[in-house]
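There are 2 protein chains.
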Amino acid sequence: MTFIPIYSDIEKAHKIVQKYAHRTPVLSSSSINKIVGGELYFKCENFQKVGAFKFRGACNAVFSLSEEDAKKGVGTHSSGNHAAALALAAKMRGIDAHIVMPENSPVIKKKAVAGYGAKITFCKPTLQARESTLAKVIEETGATEIHPYNNFNVIAGQGTAAKELIEDSGKFDIIIAPVGGGGLLSGTALSTKYLLPNCKVIAAEPAGADDAFRSFKAKKLFPSENPKTIADGLLTSLGDRNFEIILDKVDDIVTVSEENIVAAMRMIWERMKIIIEPSSAVPLAAILEGKIDIKNKKAGIILSGGNLDLGKLPF
Amino acid sequence: MTFIPIYSDIEKAHKIVQKYAHRTPVLSSSSINKIVGGELYFKCENFQKVGAFKFRGACNAVFSLSEEDAKKGVGTHSSGNHAAALALAAKMRGIDAHIVMPENSPVIKKKAVAGYGAKITFCKPTLQARESTLAKVIEETGATEIHPYNNFNVIAGQGTAAKELIEDSGKFDIIIAPVGGGGLLSGTALSTKYLLPNCKVIAAEPAGADDAFRSFKAKKLFPSENPKTIADGLLTSLGDRNFEIILDKVDDIVTVSEENIVAAMRMIWERMKIIIEPSSAVPLAAILEGKIDIKNKKAGIILSGGNLDLGKLPF
Numbered sequence: 001m002t003f004i005p006i007y008s009d010i011e012k013a014h015k016i017v018q019k020y021a022h023r024t025p026v027l028s029s030s031s032i033n034k035i036v037g038g039e040l041y042f043k044c045e046n047f048q049k050v051g052a053f054k055f056r057g058a059c060n061a062v063f064s065l066s067e068e069d070a071k072k073g074v075g076t077h078s079s080g081n082h083a084a085a086l087a088l089a090a091k092m093r094g095i096d097a098h099i100v101m102p103e104n105s106p107v108i109k110k111k112a113v114a115g116y117g118a119k120i121t122f123c124k125p126t127l128q129a130r131e132s133t134l135a136k137v138i139e140e141t142g143a144t145e146i147h148p149y150n151n152f153n154v155i156a157g158q159g160t161a162a163k164e165l166i167e168d169s170g171k172f173d174i175i176i177a178p179v180g181g182g183g184l185l186s187g188t189a190l191s192t193k194y195l196l197p198n199c200k201v202i203a204a205e206p207a208g209a210d211d212a213f214r215s216f217k218a219k220k221l222f223p224s225e226n227p228k229t230i231a232d233g234l235l236t237s238l239g240d241r242n243f244e245i246i247l248d249k250v251d252d253i254v255t256v257s258e259e260n261i262v263a264a265m266r267m268i269w270e271r272m273k274i275i276i277e278p279s280s281a282v283p284l285a286a287i288l289e290g291k292i293d294i295k296n297k298k299a300g301i302i303l304s305g306g307n308l309d310l311g312k313l314p315f
Numbered sequence: 001m002t003f004i005p006i007y008s009d010i011e012k013a014h015k016i017v018q019k020y021a022h023r024t025p026v027l028s029s030s031s032i033n034k035i036v037g038g039e040l041y042f043k044c045e046n047f048q049k050v051g052a053f054k055f056r057g058a059c060n061a062v063f064s065l066s067e068e069d070a071k072k073g074v075g076t077h078s079s080g081n082h083a084a085a086l087a088l089a090a091k092m093r094g095i096d097a098h099i100v101m102p103e104n105s106p107v108i109k110k111k112a113v114a115g116y117g118a119k120i121t122f123c124k125p126t127l128q129a130r131e132s133t134l135a136k137v138i139e140e141t142g143a144t145e146i147h148p149y150n151n152f153n154v155i156a157g158q159g160t161a162a163k164e165l166i167e168d169s170g171k172f173d174i175i176i177a178p179v180g181g182g183g184l185l186s187g188t189a190l191s192t193k194y195l196l197p198n199c200k201v202i203a204a205e206p207a208g209a210d211d212a213f214r215s216f217k218a219k220k221l222f223p224s225e226n227p228k229t230i231a232d233g234l235l236t237s238l239g240d241r242n243f244e245i246i247l248d249k250v251d252d253i254v255t256v257s258e259e260n261i262v263a264a265m266r267m268i269w270e271r272m273k274i275i276i277e278p279s280s281a282v283p284l285a286a287i288l289e290g291k292i293d294i295k296n297k298k299a300g301i302i303l304s305g306g307n308l309d310l311g312k313l314p315f
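Going line by line, the protein sequences match chains A and B.
Quick note, the first sequence lines up with residues 1 to 315 if you use this note's numbering.
Quick note, the second sequence lines up with residues 1 to 315 if you use this note's numbering.
Extracted from the complex, chain A is given alone in its bound form:
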């Protein structure tokens, strides 16, 4: 594998991913199309295993390991979708997943990860404690660390969502993805620019967590500082490997208000009758806010996932 995945890496990833993951449907809504004046196609990763695109990258990373490395298991620190995705992928390969979770993680998330058979180590809820605890676990077990996004196999795996979207729905003028750590966006850009060189790739980010937007405009990586957004999947800082691909392949990054994220989420729930998490609503929010012009254009949108606490809805 080269330093940046090339399209053959994504093809290789897809051979693995399609064995274990769902080929999720692409849906559209004539009433939303009428509202926005363009033709939107939603790639429904909310229907993916573990409820998020994260399973693609985790799956590719786990099944790309040599037999010898695989025996020692995999590890990560995460309290979110990546932890569940890595745990399930490891279970499918029959190897250990060592997950470091902050001790104050929601019970529902602890249960989900434990339910996939992962070995959980709890730590204090600081980045430092998470990293040092993971380092110790890895030293003791020899497990391979699988970073949630700053990892080439993960990036190649995430790129399979856009590949399927294009294979299933044909040419697009624009493909839009949300951006957090940048795993989904960098994979999406690699697939799209290879398959449809003239298609624009645009990322949408909450204004309250705009490190990717600022980094992209300055061509210099800024970390996420005190981010605040309902789109809890997009709080993390961009990875440097993701940033390199994003600078090279992404056409633009735009930011959106919290209000429009909630409005877009509600529109998709009400009109399409599907459950998406707030992060998934960010691309449509950018369209509703007038930040991306899709008038009379055909646009693909990656819906990142559908995991959220139904007891804490914003409407």
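None of these hints come from the bench; they were simulated from the model.
There could be a bad hint or two in this list.
[Said to hold, decoys possible] From chain B, some residues computed to sit far from chain A (all C-beta separations above 10 Å):
| no. | residue |
| --- | --- |
| 1 | Val36 |
| 2 | Lys109 |
| 3 | Phe222 |
| 4 | Arg266 |
| 5 | Glu270 |
| 6 | Glu289 |
| 7 | Gly290 |
| 8 | Leu313 |
[Said to hold, decoys possible] With a straight-line Cα cutoff of 27 Å, these simulated DSS-like cross-link-like pairs (lysine-lysine) come out:
| no. | chain 1 | residue 1 | chain 2 | residue 2 |
| --- | --- | --- | --- | --- |
| 9 | A | Lys19 | B | Lys111 |
| 10 | B | Lys295 | A | Lys111 |
| 11 | A | Lys34 | B | Lys111 |
| 12 | A | Lys119 | B | Lys34 |
| 13 | A | Lys109 | B | Lys91 |
| 14 | A | Lys91 | B | Lys34 |
| 15 | A | Lys312 | B | Lys91 |
| 16 | B | Lys295 | A | Lys298 |
| 17 | B | Lys124 | A | Lys34 |
| 18 | A | Lys109 | B | Lys34 |
| 19 | B | Lys19 | A | Lys110 |
| 20 | A | Lys200 | A | Lys34 |
| 21 | A | Lys111 | B | Lys91 |
| 22 | B | Lys228 | B | Lys124 |
| 23 | B | Lys34 | A | Lys295 |
| 24 | A | Lys19 | B | Lys109 |
| 25 | B | Lys109 | A | Lys34 |
| 26 | A | Lys34 | B | Lys119 |
| 27 | B | Lys19 | A | Lys34 |
[As the list claims (entries may be wrong)] In silico negatives: residues of chain B with every beta carbon more than 12 Å from chain A:
| no. | residue |
| --- | --- |
| 28 | Gly38 |
| 29 | Glu45 |
| 30 | Gly94 |
| 31 | Thr126 |
| 32 | Gly142 |
| 33 | Cys199 |
| 34 | Glu225 |
| 35 | Leu235 |
Idealized CB from N, CA, C, for every residue including glycine.
With chain A held as given, fit chain B onto it using these hints.
Quick look at chain B alone, frame taken from chain A:
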């Protein structure tokens, strides 16, 4: 058409319905299957036009009219999904839909029906006012009244959902539908018993609106009296035409608690990432409550629709 639709009526209805309605997907969930110990297939009428199975029946009724009758339009009194369904079907045929709505109907419902171009007449919110206002509108316009469920063309149209379910997913041991007025249930029973004579047809009803259960057990039609349930699509009384078919073709009717309706609804939202209305959750509630045994069996469930007020969720 005979007094009870025969299978050729449903086939005829399907020729119409498949021209104008969505062939909705059939989904299943490995995690729900694990919980219930059987194999469940959900026919997703929440993805149907206007968000409910009601469009099938309305569509068949509107397009079965002679040219001469059609010119004078159609009419109904309804504040729910049938009003929207009839309005859209009439719009597709290019004829008038006269909808009588109680003046206290929610603004969102008034807007939805108006949005499909229906001619709305408001009346006092009593059954008497609804019926007398509709009678007047029909006398003035010559429109054909299309009852929401006590109508053979409507019943034949609703039967196309089970027909598609069986065509797409093969043999079933049991097919389960919710029961309110009985349009969906009678259509489902007609299709199922013709296509799969050995398949059981079971209806699930909220205990707080159990007129169908009581009527079925006594073999005598009782009206719904002061019904109270979150499953607002199931408040109405059984129609006599529906009841005749139900007595002949349905194997059993069971009742479920409000608590289990909410639990089943949440389970489908969380595990399947799709939005269903409370009425749709009643069949799964019956399984969770132990009222229908599906252990090691293959069961089809009709999800009736996905229309509800996101601002008033029960969790």
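Evaluated hints:
1. Val36: holds (17 Å)
2. Lys109: It holds; Lys109 of chain B is separated from chain A by about 13 Å at its closest Cβ, greater than 10 Å.
3. Phe222: holds (34 Å)
4. Arg266: violated (6 Å)
5. Glu270: violated (6 Å)
6. Glu289: Consistent with the label, Glu289 of chain B stays out of reach of chain A, its closest Cβ about 21 Å off (over 10 Å).
7. Gly290: Check passes; 24 Å lies beyond 10 Å.
8. Leu313: violated (7 Å)
9. A:Lys19 x B:Lys111: violated (46 Å)
10. B:Lys295 x A:Lys111: holds (26 Å)
11. A:Lys34 x B:Lys111: holds (16 Å)
12. A:Lys119 x B:Lys34: Roughly 22 Å separates the two Cα atoms, so the pair holds.
13. A:Lys109 x B:Lys91: violated (48 Å)
14. A:Lys91 x B:Lys34: holds (17 Å)
15. A:Lys312 x B:Lys91: violated (39 Å)
16. B:Lys295 x A:Lys298: violated (46 Å)
17. B:Lys124 x A:Lys34: violated (34 Å)
18. A:Lys109 x B:Lys34: holds (19 Å)
19. B:Lys19 x A:Lys110: Measuring from Cα to Cα gives roughly 48 Å; hence the hint is violated.
20. A:Lys200 x A:Lys34: Roughly 22 Å separates the two Cα atoms, so the pair holds.
21. A:Lys111 x B:Lys91: violated (50 Å)
22. B:Lys228 x B:Lys124: OK: Lys228 of chain B and Lys124 of chain B at ~21 Å, within 27 Å.
23. B:Lys34 x A:Lys295: violated (45 Å)
24. A:Lys19 x B:Lys109: Violated. Lys19 of chain A to Lys109 of chain B sits at ~45 Å, over the 27 Å cutoff.
25. B:Lys109 x A:Lys34: Between Lys109 of chain B and Lys34 of chain A the Cα gap is close to 19 Å, so the pair holds against 27 Å.
26. A:Lys34 x B:Lys119: Satisfied, since the Cα-Cα distance of roughly 22 Å is no more than 27 Å.
27. B:Lys19 x A:Lys34: holds (21 Å)
28. Gly38: Gly38 of chain B is indeed farther than 12 Å from all Cβ atoms of chain A, at 20 Å.
29. Glu45: Nearest chain A Cβ is 10 Å from Glu45 of chain B, so the label is violated.
30. Gly94: holds (18 Å)
31. Thr126: holds (30 Å)
32. Gly142: holds (32 Å)
33. Cys199: holds (27 Å)
34. Glu225: Consistent with the label, Glu225 of chain B stays out of reach of chain A, its closest Cβ about 32 Å off (over 12 Å).
35. Leu235: Leu235 of chain B is indeed farther than 12 Å from all Cβ atoms of chain A, at 22 Å.
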